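Asker: Required output: the full structure, derived from the provided sequences and hints.
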Amino acid sequence: MALPPPDPQFVLRGTSAAVHTLHFSCGGQECDVPILFSGSENGFIHVWNLKTHRVNAALDGHGRKSVYCVETMDGKDRLLSQGRDQRICLWDLAEGRTSVTDSVFTENVGFCRCSLLKVAQGRWLMAMAKALEEVQVLELPSKTSVCTLKPEVGAKLGMPMCLKLWQLNCGSQPLLLAGYEDGSVILWSLSMGKVLSQLVCHQEPVMSLDFDSEKAKGISGSSEKVLSIWSLNEQQNLQVYKTHNLVNAGISDITIRPDKKILATAGWDHRIRIFGWKKLKPLAVLDYHTATVHCVSFSDHKNPSERLLAAGSKDHRISIWSIYTQT
Amino acid sequence: MAVFDTPQEAFGALRPACVRLTRAQTVENVARLRARLAAVSAPALQELQEYVLFPLRFALKVPGPRRERLVQSVVQCISSVLAATCVKKQELLQELFSELCTCLSPPSSSSKPARLSEELKLAVIQALHTLMHSAYGDVILSLYQPSTLPLLGFAVSLLLGLAEQEKAKQIKISALKCLQVLVLQCDCQEHRHLDEEEAQQCGDLFASFLPGISITLSRVITGDIKQGHKTTVSAIRLFYLIVGFVMADAQLARIPKNKEKLPVEQSRISELMVHRGPDWSKSTAEKLSLLLHKMVEFSSVHPHWKVRLELVELVHHLLRNCGRALVASFSHLLKAVVGLVNDESSEVQSRCNEVLQGIAEQRIVAQNRALADVLSENLHSLATALPRLMNSQDDAGKVSTLSVLLGYLKLLGPKINLVLNSVSHLQRLSKALMQVLELDVADVKIVEARRWGCEGACRPSGPLQRGVQKGRAQKKYFRFFTEERVFQLLQQICRVLGYYGNLYLLVDHFMGLYGESGAYRKQAAMVLNEVVAGAAGLGVDVLREREVSLNVDDLKGSVVSILDEYTDQANWYLITSIDTEEISHEHPVQRSGLAARPGGACGSALLPAPEPHVTTRTLNSHIWQICIQLEGVGCFAAVLGKEFRPLLLSALYPVLEKAGDKTLLISETALGTLGDICEACGYDSLQCLINENSDYLVNGISLNLRQLAHQPRAARVLDTMLRHSDASLLPLVEDVIQDVLSALDHSYSTQASTFLGVLHSVTAALAQWFGASRGEEQTGEWPQGASSQGQQVVTRQEVEQFFLDYVRQKQIAEGNLPDAEAEESDEVPPPAQPEQTSSDTAGEAPLPSHAQLAKDVMERCIHLLSDGRLRVRLRVLDVLELCVTVLHPHGNHLLPLAHRAWPALVPRLTSDDPLAVLRAFKVLCALAQRCGDFLRQRFCRDVLPKLSRSLLSQAPASARAGPVYSHTLAFKLQLAVLQGLGPLCEELDMGESDLNKVADACLIYLSAKQPMKLQEAAQSVFLHLMHMDPDSTWLLLTEVCCPHRYEPPHASLRPVKLRGMETQRNEFTDNVLLLLERLQRRESQEEPSPP
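Protein sequence lines correspond, in order, to chains A and B.
Just so we're aligned: 309 in the working numbering is position 309 of the first sequence, and the numbers increase by one with no gaps anywhere.
Just so we're aligned: 10936 in the working numbering is position 936 of the second sequence, and the numbers increase by one with no gaps anywhere.
Worth flagging that the hints you see were computed from the coordinates, not collected in a lab.
Any given hint could be a false lead.
Part of the chain A face toward chain B, derived, beta carbon under 10 Å [claimed, not checked]:
#, residue
1, V11
2, G14
3, D287
Just so it is clear, the structure is predicted and the values come from calculations on it, not from any experiment.
Just so it is clear, CB atoms sit at the ideal spot from N, CA and C, and this is done for glycine as well.
Answerer: So this is what it looks like as C-alpha cells:
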C-alpha cells in the first residue's frame, strides 16, 4: 500500500489575507537565511525567514491592493512585484532596505502574472499583459520596450491569462508562451513579433501554464477538469500530447519542479496535487488547506534534500511541504 | 640579670666555680657553676666559652662508672652555655657532638641503648638540639663531611632509637625535632641557607641514612595511636622533609653517572657513601612506595585531624619536590589527598583544596605524562570497583569514594581526554555511572498522583498569577543511595567531565548508551544533561580554568542532537498511565499513527513492544524518563540562554504537551522547564513565552490535529496554552480553535471526550477572560433582584408595553373582557417571539470573536448532549454552562441556540443520571439568567412537574436520613435544585400557579426533620417567592402556622380565620416563623405605610 500523503512540514500564518503568490530565495550562500516571499490580497509582501518561520519584514508598496506576482532578480536583494494597483514595482532589499526603486505601469486590469527571463548579467526581459489582448515585452532595468505582441485582428483570443518567457539555451532566441482567455496557448517569437504556433487546449480560460524547454513539453490548466500537456516539435508547432482528467475543476497554478521530475498543481478544490512529469502519473494529493489554493512554488535550495514546496491559499495560510525526501 | 659584663669580671666570678668542679665532680658544684653562669652576660661568656666548657666536658670524661644525676646536670649546664654562646670552632663542635652522643651510648658496646633515666635522655637531646643551633655559620657544615659520616650515623641511629622505642612522648618528639635539625631541615629560620652544591653534598650523605630513617619513621607513624598525634605529626614531617631532600628531582638530576672516586685515605668511608644513581633511585623509590602506601593508608584515617593535615602536607611536599623520582607512589598519595577533600575537619579540607589547586595551577599533571597515566590508572580501577562499592558501602563511604573519583577527574583537568579517548576507560566510567545512577522506580505514588486541574470547574487562579517559576529538579530516588550529597557528587562528576572533556565524544557515547538499552536510558539522559551543563561551565567547581572555552556552535550542535533524540516519538510518548480512557484513546492509535507517519518507521522499532500488562515499575520508570528529559530541556535552555530561542520552534511544543499531562510529576516538571526557558530566553513570564511563540505552538497543534493519534496531545497543548495565558492569546489561537472544532466534526464518535476537554478549557478561559460581569451578578441574590429593576434603563418598548398592559388590566377590571380569540391573536404572543424579532431588528452585528467561538462551541455541544456515554454528557453540560455564561451579553445569538439546545436538555433534566441532572440544572440556571421569557413556558411544561415530583418523593427519604446522607448524590441534587429554584423562579418570572407548585414542593423541606442545609435552601426559595408575590406567600405560610391573632378593626367585619392559627407547634413552625418575620421586616422597609 502506498504511503499516506504527508503532512505539511510547517504552516506559516500571519498574512491575515489570502495568499496569491509565493517565491523562494534559498539558493544563496550557506550562511544565508533561506527566504520565502509571499504576496497577499491586502497588498503586503511578506518576507519569511524559513529558519525561524517568522516574518522578517512586510513590504507595503501596492496601496493595499492584492499582490499577485513576486519574483527575485539575482538573489534576494532585488525583488519584482506585481499588484492590482496596475503597477510592477522593483524593490531594493539589500542591507535591510525596503524601498521601491522603480515601477512600471501596466494598463492591464486582469490577473495575468508577468514573466521574467534573465538574458544576460544584469539584464532581464519581462513580459506583461497590456491593454486588452496585447502582451508587451520590456527590458529591465532600462524599461525599454522590446516588442508588443498583438494577436491578429479578429482572433478573439480574449485577454492573456498567463505568460511564460523562455529560451532554449543561453543566447538563443527568447520565446513567449501565452495562455488566453479562450483556452488557447500561443507561442510567440519575440524577434519577429508574430505567432509561431497556436493550440486550443481548453474550453475555458487558461489559468496557468509551465513549460519544460528540455523536453519541449508544457502543461496548462484551466478552470475546467482537465490538465493539458502539449509538446513543441522541431517546426515550432504546438501539439496536444496528452490530457489528464481531474476529479474537481479548477487549477489556479501549475509549477514544474526545477529538476523536471515532478510538477505540482494548485486546485480550487483546496488541494495540491503532485504528478510525475514524465507520464503525468498522479503521485500525491496534499490536503491541508480549507480554501482554494492560489499558488504553488518549489524552492531553489542547492542541496536537493532541503528543497521544499510551498502553497499559498485563500485561507491565509502558507503550507510548506517537504516532498523531496519521499519521491 | 647579667651582672658581669666584661670578660674580666666574669672570669673572676666563674673561676672559683670552675676550679671547684674540676677538682670534685659533684652535682652541687655543677649547680654552683650554673648559678654563676646565670649572672654572666652573653658576650662575656662567649669569650670564656671554652674555659667554662672545659670542666664540664672533663666531668663527662671522668673514667669510672657514671653518675646519672651528675651527667644530667652537666649536660644541662652545657646546653645553657651553648644556648648563650655560639660555637666557632669546627673541632669544638665535633668534639662536643660526639661527647654528647656518647652520653647516651651504652657503657659496654652492647647494641641496646643504655638504660638511662628519661630526664637524662631528654637533657642530652636538648643539648644536641642547642648545639646544632649554636654552631656558627659554616662551622656546622664541617659536621657534614664524608669523614664525619660515622659520627652522624651514630647520632642518627641514636635519635631514631629514642624516637621509636621510648615511651615518653616528650622524648619522642624532642628526638624527632633534633633529628630534623640534624638533617638540616629545622623549622626555625635561623639557619643558613644551603647553596646548591652544599645541598647536593648533604643529600649524598643523608642518602646513606635514608633507609634507616624512613623505615623507622614509618614504624613510628604507623605505630600505636596512643603515642599521641604530635609524635606522628613530627614523624610525618621529618619523613617528607628527608625524603623530599634526598629524592629531590633537582638533586637527582645532577648526579653523575658514575661514582666519584674519593681519595684513598677515605676509601673506608667511601664505602659507606651511597651513589644516588638511577638504579639506586629506582630501587629506593620502590621501597619508599611501599612505606608510603602503608603510611598513607594508616594516617588518612587517623582520628586526629592534624595528622591528616600533615599527610596533605606530605603529599604536597613530595609532589612538588619529587614529582619524577617518586612517581610510582603518587597513585596512593593523590588518592589520599583527593579523598581528604571531604574531610570532616574544615582545615584539612581547605588545605586539601589549596594543595589540589596548587597542583592544578602548576600544571604538574598536565606536564607530567607519567602522573596523568597514574591518575587515569587509578580512575580506571576506581570506576571498575565503583558499582561494587556503591552497593556495599554506607553513605559516608559512598561520599568518600565518589569524592575521590571527582578529585581524580579534577586533577586530570584537560588531560581527561586521555582517559576518554581510551575505549575501555570510557566504557568503565560510563557503565559505572549508569549503574550508580539507577533510579528506584518502585514508588506507586508517582504513578498515582494525578493532576485534576482540567476537571474542576473552579480553576485555581494560582497558575495565572504565578510569574516565572524557576524549575527546580524533582527529587529523585536512587536505588543505591539516599544521601543528597552523593547525588551532588555524581552531578559534579558529570559536569567536570563535560567541562574538560571532548563534548562531541561524550555526547556521542552517552547517546549510544541512551539508545542501547532501556535500562540505561534514564541514567544516560541524566548524565547527558549534566555533561552539557558542565560543558557550558554551569555550576562546575573546578581547580583550573580550561584552556579553550567551548564554541557556542558546538554546544548548540550537541544540544540540538540531544533534543532531537529526547523528543523523538519513541522516547517522548511513553505510556505513563493505566487510565483506561487515556490508554484506549492514545496508545493503540498512537501505534497506528506511527505506522502512518512516513518518518516514523525507524521510530517504531525503538518503541518498547506493547506490553499487555504494564507494571507500575514500568510506568514509574517512564514517568521518570520523561521528567529527566524535561529537566534536560530546561538545562539546555539555561546553557544556551538567548541562543535557545531558535530551538523553541521544535522544543516548546513537546514541553507544553507534557505540561498538560495528567501525571502530576510530569506536568510539574514541565512547568519548571517552562520557567527555565522563560528565564533563559529572557521572557518575563510564562504567558509572555506562550504568546510570543504562539505561532510555533499553533503550527504544531494544527498539524498534529490532522493525525488522529496526536489529537489528544494537541488538545492538551492548547489546553495548557489557554491555562497559562490571558485574553491577549485569543486572537493568536482563534485560528487553531477552529481547527479543533473541525477536527471534532470529523470524529464525534471517537474523540469526543478528548476534544471536550479542550472545549472545556477554551470556554472556561473565555468565561474567565470575558465573563467577568457574570460573577458580579451572582454575588448578591436578594438586593440585586430589587435594584436591577430600578436601575435597568427603561426602553421605549417597555414603557409602551406597560401602558398597554395597564390599559388592558383596567379594562379587565371594568369587566370588559376581550374575547379569547382576540387575546390569543394579538395580546399574548409566544414568549420567544418578541426576542426573536428584536434580534432581527438589531441586525446581525458582528459578534466579538470570543462570543463567536463560544457560539461555535455551543453548537457542537448541542450535538453531543445526548451522547451515550455519561462522562461525555457531563462534560458537555459543563461546557454548555460556560458557553451560556460567555454568551450572556449577546442574547440575540444565545436565544436561537437555547432554542435548539432545549429539546436535548430536557431529557437531561428529567430522565438522566442524577449526576447529569445536577449539571443540567446548573445549565438551566445559567440560561435562565438571560432567557427567562423564552424558558418560562417550556420550563413549567417540561421540567417543573418532574422536578417537583422528585422533590416531593425524595423528601421523606432525606427527613429520615442520618448524617451520612449529606454525602450522597441524592442530597446534592436536592440541595442544588432547592438552591437554584428560587432565583430560577424569579428569573423566569413564573406565573402564580407555577409558583404555587414550587411552593408546595418546597414547603415540605421547611420541616425541622430535614437536614439543615436543605432547610436553608428551602428558606431561600421562599425568600425569592416572597419577593415575587409576597401576599400569596404570606397566605401559604400562615396556612401552616400563624403566630398572631388578627383582630378585625371593626366588629362588623368577620374575624380572620386562618388554618395555621389553630395548629400546635409542629416541625414547620420554626422555619415558617422565621420566614414570616423576614417578610414582615421587608414589608415595613419597603413601604412604611401599610398597604
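Asker: Each of the hints needs a verdict: does it hold here or not?
Answerer: Status of each hint after checking the structure:
This hint holds: V11 (chain A) has a C-beta 5 Å from the nearest C-beta of chain B, less than the 10 Å allowed. Annotation: G14 (chain A) was flagged as interfacial toward chain B, and the flag holds, the nearest CB pair being 7 Å apart, inside 10 Å. Interface restraint check: D287 (chain A) against chain B, minimum CB-CB distance 9 Å, threshold 10 Å, status holds.
Going down the numbered hints, you'll see the structure goes against none, and every one checks out.
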